Amino acid sequence: MNLTTKYLGLELKSPLMPGASPLAMRLDNIRKLEDAGASAIVMHSLFAEQIEGNAVAVSRHIERWQDNFAEATSFFPQGQDYLLGPDEYLDRLTAIKAATNLPVIASLNGTHLGSWTDYARLMEKAGADAIELNTYFFATRRDESSAEIEDRVLEIARTVRASVQIPIAMKLSPFFTSPVHLVAELETVGVNGVVLFNRIFQPEIDIETFDVVPRLGLSSPEDLRLRLRALALLRDQVKLSLACSGGVHSAAEVVKALLAGADAVQVVAALLRDGPDTLGNILTELKLWMDKFEYTSVSEMRGALSLRNCPDPEAYERGNYLRSLQLWRE
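Basically this note's numbering = 1-based index in the sequence shown + 5.
No lab work stands behind these hints: they were computed from the structure. Any given hint might turn out to be false.
To be verified - Using 25 Å as the maximum straight-line C-alpha spacing, the simulated SDA-like pairs for lysine to any residue come out as follows: (1) K102 - R31; (2) K18 - L8; (3) K102 - M30; (4) K37 - T105; (5) K37 - G119; (6) K244 - R313; (7) K11 - L293; (8) K11 - R36; (9) K297 - A256; (10) K292 - N7; (11) K102 - L118; (12) K102 - E39; (13) K11 - V217; (14) K18 - D40; (15) K244 - K297; (16) K11 - T283; (17) K18 - E93; (18) K244 - V260; (19) K11 - R313; (20) K37 - D123; (21) K11 - G285; (22) K297 - N286; (23) K37 - L118; (24) K130 - F181; (25) K37 - T116; (26) K130 - R97; (27) K37 - N286; (28) K130 - N106; (29) K292 - N314; (30) K244 - F181; (31) K18 - M6; (32) K244 - R234; (33) K11 - R234; (34) K130 - E160; (35) K244 - P318; (36) K37 - E54; (37) K244 - S225; (38) K11 - E93.
No experiment lies behind these values; they were computed from the predicted model shown.
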């Protein structure tokens, strides 16, 4: 049975890898993830604010969100442990490269062009095999158009692409007006892959204290559905690599992501909840499923239910909307 896949031009032993999370901050976790069957290591993010010297603001941001952060939840380390400066991050990257034979994907997070993009080149020099470029942003101003936001994402991609030779993956939010068009534009400027999707902060209102408080728990398998649709739409319309991130808790979600069109599948919540050994369990279940349905390789599965290959393409389009509503009446 052949589980190998190619992601960002990297030959991987399987599609399964940990997504960006605090697990990658400790070398013993890196070794555990490798032993459990991880095909690559995605590091936690280095933020533009850290690079550009706003240490006080970053510390305040980290402390506020450390229990509900997009890449962590309750396993997030305390602020003083998380706040690796730019140089420390590069040192950690070098140490991880020395500790594992797996490809290491560094993560760089920012929303506007600035000096932080220069660190992509330093990550490359430190040994990164690829860079996951996270442009997490949620528009809050009425004078900021969707076109301006997409142009900003593209300009960041162009700038980083011009500074490094290693592959780049853009981690996107799920709420772009025309994600297929944006991804095609990213492919045009030289991006090698996209990660679908970022999770958006979802603050809550406390009706007793009248406070707006951060609330973001671990993902659930239901979160996968948004990713599946995007993967299926993109699979046959672009050539760059596709990674699924969010909602993957078991082999069932891995299978769905691959059938929709993913080249790689990232896991975070299940690892934070149950530990690195979870990866091994998922891989075992994946092999059992493949054997049951007589698949001999991941490449046979990939995109088998993409928009083009799906027996009922309307399942991914508007026609299924009416059918879904009808289910509540039956």
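Hint check results:
Restraint check for K102 and R31: the C-alpha separation of about 12 Å stays at or below 25 Å, so the hint holds. As the CA atoms of K18 and L8 are separated by approximately 6 Å, the hinted pair is consistent with the 25 Å bound. Taking the CA atoms of K102 and M30, the gap is about 12 Å. The hint holds against a cut of 25 Å. The straight-line distance between the Cα atoms of K37 and T105 is roughly 10 Å, inside the 25 Å bound, and the hint therefore holds.
The suggested pairing of K37 with G119 is violated, with an alpha-carbon distance near 36 Å, which exceeds 25 Å. A C-alpha spacing of about 14 Å is found between K244 and R313, which places the hinted pair at or below 25 Å, so the restraint holds. Between the alpha carbons of K11 and L293 the distance comes to roughly 22 Å, so the proposed pair stays at or under 25 Å and holds. A distance of roughly 22 Å separates the Cα atoms of K11 and R36; the hinted pair therefore holds under the 25 Å criterion.
A distance of roughly 13 Å separates the Cα atoms of K297 and A256; the hinted pair therefore holds under the 25 Å criterion. In summary, the hint linking K292 to N7 is supported, as the alpha carbons are separated by about 9 Å, within the 25 Å threshold. Between K102 and L118 the CA atoms are separated by roughly 28 Å; this puts the pair beyond 25 Å, and the hint is violated. Taken as a hint, the K102 and E39 pair is honoured in the structure, with Cα atoms around 12 Å apart against an allowance of 25 Å.
With a CA separation close to 43 Å, the supplied pair K11 and V217 exceeds the 25 Å bound. Using a Cα cut-off of 25 Å, the hinted pair K18 and D40 holds, with the two alpha carbons roughly 13 Å apart. In summary, the hint linking K244 to K297 is not supported, as the alpha carbons are separated by about 30 Å, beyond the 25 Å threshold. Taken as a hint, the K11 and T283 pair is honoured in the structure, with Cα atoms around 22 Å apart against an allowance of 25 Å.
Among the hinted pairs, K18 with E93 is inconsistent with the structure: their alpha-carbon atoms are about 30 Å apart, more than 25 Å. Note on K244 and V260: the hinted pairing holds, with a Cα-Cα distance of about 21 Å set against a maximum of 25 Å. With a C-alpha separation of about 21 Å, the suggested pair K11 and R313 falls inside the 25 Å cut-off, and the hint holds. Between K37 and D123 the alpha-carbon distance is near 32 Å, which puts this suggested pair outside the 25 Å criterion.
With a C-alpha separation of about 20 Å, the suggested pair K11 and G285 falls inside the 25 Å cut-off, and the hint holds. With a C-alpha separation of about 17 Å, the suggested pair K297 and N286 falls inside the 25 Å cut-off, and the hint holds. A C-alpha spacing of about 36 Å is found between K37 and L118, which places the hinted pair above 25 Å, so the restraint is violated. Straight-line distance between C-alpha atoms of K130 and F181 comes to about 33 Å, which puts the hinted pair past the 25 Å bound.
Between the alpha carbons of K37 and T116 the distance comes to roughly 33 Å, so the proposed pair goes past 25 Å and is violated. With a C-alpha separation of about 13 Å, the suggested pairing of K130 with R97 holds against the 25 Å cut-off. Among the hinted pairs, K37 with N286 is consistent with the structure: their alpha-carbon atoms are about 13 Å apart, no more than 25 Å. Of the pairs offered as hints, the one joining K130 and N106 holds, with about 17 Å between alpha carbons and a cut-off of 25 Å not exceeded.
For the given pair, K292 sits about 23 Å from N314 by alpha-carbon distance, which is consistent with the 25 Å threshold. A hinted pair counts as satisfied when its Cα atoms are at most 25 Å apart, and K244 with F181 qualifies at roughly 20 Å. At most 25 Å may separate the alpha-carbon atoms for a hinted pair to count; K18 and M6 meet this at roughly 11 Å. Our distance criterion of 25 Å between C-alpha atoms is met by K244 and R234, whose separation comes to about 17 Å.
For a cut-off of 25 Å, the pair hint linking K11 to R234 stands: about 21 Å separates their Cα positions. For the suggested pair K130 and E160, the alpha carbons sit about 23 Å apart, so the restraint of at most 25 Å is met. At most 25 Å may separate the alpha-carbon atoms for a hinted pair to count; K244 and P318 meet this at roughly 20 Å. Among the hinted pairs, K37 with E54 is inconsistent with the structure: their alpha-carbon atoms are about 31 Å apart, more than 25 Å.
Straight-line distance between C-alpha atoms of K244 and S225 comes to about 29 Å, which puts the hinted pair past the 25 Å bound. Restraint check: the Cα-Cα separation between K11 and E93 comes to about 30 Å, which exceeds 25 Å; the hinted pair is violated.
Checked against the numbered hints above, the structure breaks hints 5, 11, 13, 15, 17, 20, 23, 24, 25, 36, 37, 38 and satisfies the rest.
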